[in-house]
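Asks: Following the hints, position chain B with the ligands against chain A.
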Amino acid sequence: MTMAFDREYFHLGVLDLLSRRDTCVHRLDPRTKVIATLLFIVTVVSFPKYEIMGLLPFLLFPVLVFGLGDIPVWLILKKVLLVSPFAAFIGIFNPVFDTEPMVTVSGIAVSGGWISFLSVMLRFLLTMTSVLLLIATTSFPGICHALRRLGMPELFTSQLLFLYRYLFVLVEEGMRMVRARDMRSFRGKGQDVRVFVSLVGTLFLRTMERAERIYHAMLSRGFTGSMRFVRTVRFRATDLALLAAVAAVLYAFRVYDIVGAVGRQTERMF
Amino acid sequence: MSHHLVEFENVRFRYPDGTEALKGASFRITHGESVGIIGANGAGKSTLLMQMNGYMLPSAGTVTIGDLQLTKKTRPEIRKKVGVVFQNPDDQLFMPTVHDDVAFGPLNLGMHAEKVQERVLTALRTVGCLDLREKPPHRLSGGQKRAVSIATVIAMDPDILVMDEPSSNLDPKSRRYLMNLLKKFEHTKIVAAHDLDFILEVCRRCLVIHDGRIVADGPAGEILTDQSLLEENNLELPLSLQSRSVPESVVARFDRRQVPE
Ligand SMILES: Nc1ncnc2c1ncn2[C@@H]1O[C@H](COP(=O)(O)OP(=O)(O)OP(=O)(O)O)[C@@H](O)[C@H]1O
Ligand SMILES: [Mg+2]
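Chains A and B, in that order, are what the protein sequence lines are. Going by the numbering used here, the first residue of the first sequence is number 1, and it counts up by one from there. Going by the numbering used here, the first residue of the second sequence is number 1, and it counts up by one from there.
These are calculated hints, taken from the structure and not from any lab test. Beta carbons are placed, not taken as given, at the ideal position from N, Cα and C, and that holds for glycine. Warning: the hint list may mix true and false statements.
To be verified - Below are the BS3-like pairs computed for lysine-lysine, each with C-alpha atoms no more than 27 Å apart in a straight line:
#, chain 1, residue 1, chain 2, residue 2
1, B, K173, B, K183
2, B, K115, B, K183
3, B, K135, B, K115
4, B, K135, A, K78
5, B, K183, B, K80
6, B, K80, A, K79
Claimed, not checked - Chain B regions said to be covered by chain A (calculated; three or more residues, Cβ under 8 Å):
#, stretch
7, 77–87
8, 180–192
Only chain A is shown next, with the shape it has when bound in the complex (with noise of 0.2 Å):
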C-alpha cells in the first residue's frame, strides 16, 4: 500500500535505499554534507542576476559526488525534471519584460530576460541536485540529526521526523479513502464538494487520533520530552579537511572567471 504513493509519486524511497551505501560520501560525517550544501547552495545563489559563465564551474561538484558517492545520475535528475517546471515559472516572466538585447550569439540578439532565464534555471538545476544529492548520500534521517547538532531547535527536527515517518501512511490513507468513494459512486454522484469536504474532515480526524495513539505509544516507552538517540559517525580530521577544502574552491569559483581564465589558457596554447 505504502509503496503504490511511493512509486507513483516521487520515488521518494529510493533515495533512502541510496543511503545506506557505503561509499567515501556516505561515510562523512553528516554535519559536514549539510555544511558544504550550504554554502554551495549559499555560493551559487549568491551570483549576479545574468551571470551564466560563473555558474557553469559549479557543475563540477555534483559530477564528483555523482562519481565518487556511487549515485545513478539519471534517477536524480528525472526528479529535478520533474520539479522544474515550478522554477520555469519563476523564471519565464524574464523573457517578457526584459526584453533589451545584451550579448549577440552567431548574429542573433539575445535579450536580457532570457539570459536570466537560463541563469534561473541553471541555479535551480545546481541546487536541487545539490539538496537531492545530500539526502542520497545522508538519509532524511541522517541530515535530521545533523541539523539538531548543528544547534538547530529539537521541535523542529524532531517535526521533520515525524513527517518523514507519517507522509507515506498519511497520504496512503487519503488514496484509500478516495478510492472507496470512487469504487460506490456513480455517473459523479457522491464526486461533488460536499463528500470531499467530509472526506478531508475524516481525515484530519483519523489524523489527530493517530497522533493521539502514536503520543502514548511514545509514552509507553518512558517518553520525557526529548528525543534520543544513538550515533556512531564521528567529525574527524577529514571531515575538517574536506570542508575547508570545498569553502576554498567554492570561493575560488565565485571571486575568479575560472571560464574566462581557462579560455585565455586555451587559446594561448594554440
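Replies: Coordinates of chain B with the ligands only, in the frame set by chain A:
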C-alpha cells in the same frame, strides 16, 4: 513475586462518546501466568488491555500492577513494568529507522549507549529482524512491522508483556516463530487474539469477555474446548480441534449437483 501481579477490581470504562466498553471487569493474574483474552469484535478486549499501562484510566474500579495502584502519578513507573504491543504497528513504530525505534525505549530508561546497542541487537535478533535494522518502518511488510513492534517492547525488558492481536498479518512461518518466542518468554504475558489456536498453544489460562464483562475464566484447555460457551460468545472451536472431515450437509449438496436432472 508481587511485582508481576495484575489485578483488576470491578473496572469500568466509558469512552468520551458515552460507549461503555467495560462494565465491571475483575480478575487477578499472578507472576509467570500466560493468559489469553478472547471475545467477539467490539467485546472490549483492546479497551481492557489499554488499561494495563494507563493508556486509559478506568472510569471506576481499580487496576493494580505489582504493588502500585494505577493512577496518573504511578503511570510512568507502571509503564516500565508493562510492555504493550498495540493492535496497529504503524502506531507503535514512530522513529525514522527500525534501529532508532527499538533503541527509543532503552534510551529513555537512561541506559548507556553501549548497553542500548546490545539491547537493540538482542531484541532484533530474538524476533529475527536483525537485517532490517537500518530500514525505515514505512518500507517494511505488515508482518515485519509486527515483529519489529514486538522487538521495541522486549528491548525494554518488561515484567509483563501485553499484546493485542499479535498473530494477525503474519504468515504461517512467522506465526509459528512468534509462538515459540512467546513460549520462551518466562514473565507474565497477556494476549488478546481471535486466533484461538495461537492462544491454545501459548496460554495456560483463558478469559472470555463479552460486552464488557468477563464471562468465563479458566484453563485454556477447558475453555477452548467448550463448544457451547464459545458459540454463545460468537466464537468457535480452534481449527486444530475441529474435525477435518467435510460435514454431511456439504457432501450431500455436492452429490446432488453431480446428478443430471
Ligand atoms: N475510540 C472509541 N470511542 C468510542 N467507542 C469506542 C472507541 N473504541 C472502541 N469503542 C467501543 O468500545 C467497545 C469495545 O471496543 P474494543 O476495541 O475494546 O473491542 P475489541 O474486543 O478489541 O474488538 P476487536 O476484536 O474488533 O479488536 C466497542 O463497542 C467499540 O465500539
Ligand atoms: Mg481490538
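Asks: Verify the proposed pairing of K135/B with K115/B, using a straight-line Cα cut of 27 Å.
Replies: Given that 27 Å is the threshold and the Cα spacing comes to 21 Å, the pair holds.
Asks: Quick check: the stretch 77–87 of chain B, covered by chain A? Criterion 3+ residues, Cβ under 8 Å.
Replies: Our answer is that it holds, as 5 residues pass the Cβ test (under 8 Å) against chain A, meeting three.
Asks: Is the straight-line distance between the alpha-carbon of K115/B and that of K183/B 27 Å or less?
Replies: Roughly 26 Å separates the two Cα atoms, so the pair holds.
Asks: Does K173/B pair with K183/B here, judged by a C-alpha cut-off of 27 Å?
Replies: holds, 15 Å
Asks: For the pair supplied as a hint, K135/B and K78/A, is the alpha-carbon distance within the 27 Å limit?
Replies: holds, 24 Å
Asks: With a C-beta cutoff of 8 Å, work out whether three or more residues of the stretch 180–192 of chain B approach chain A closely enough for the coverage to hold.
Replies: violated (count 0)
Asks: Below or equal to 27 Å on CA atoms is what counts here, so check K183/B against K80/B.
Replies: Judged against 27 Å, a Cα distance of about 22 Å means the pair holds.
Asks: Assess, step by step, whether the Cα of K80/B is no farther than 27 Å from the Cα of K79/A, and give holds or violated.
Replies: Judged against 27 Å, a Cα distance of about 45 Å means the pair is violated.
In this structure, the earlier hints numbered 6, 8 are contradicted, and the remaining ones agree with it.
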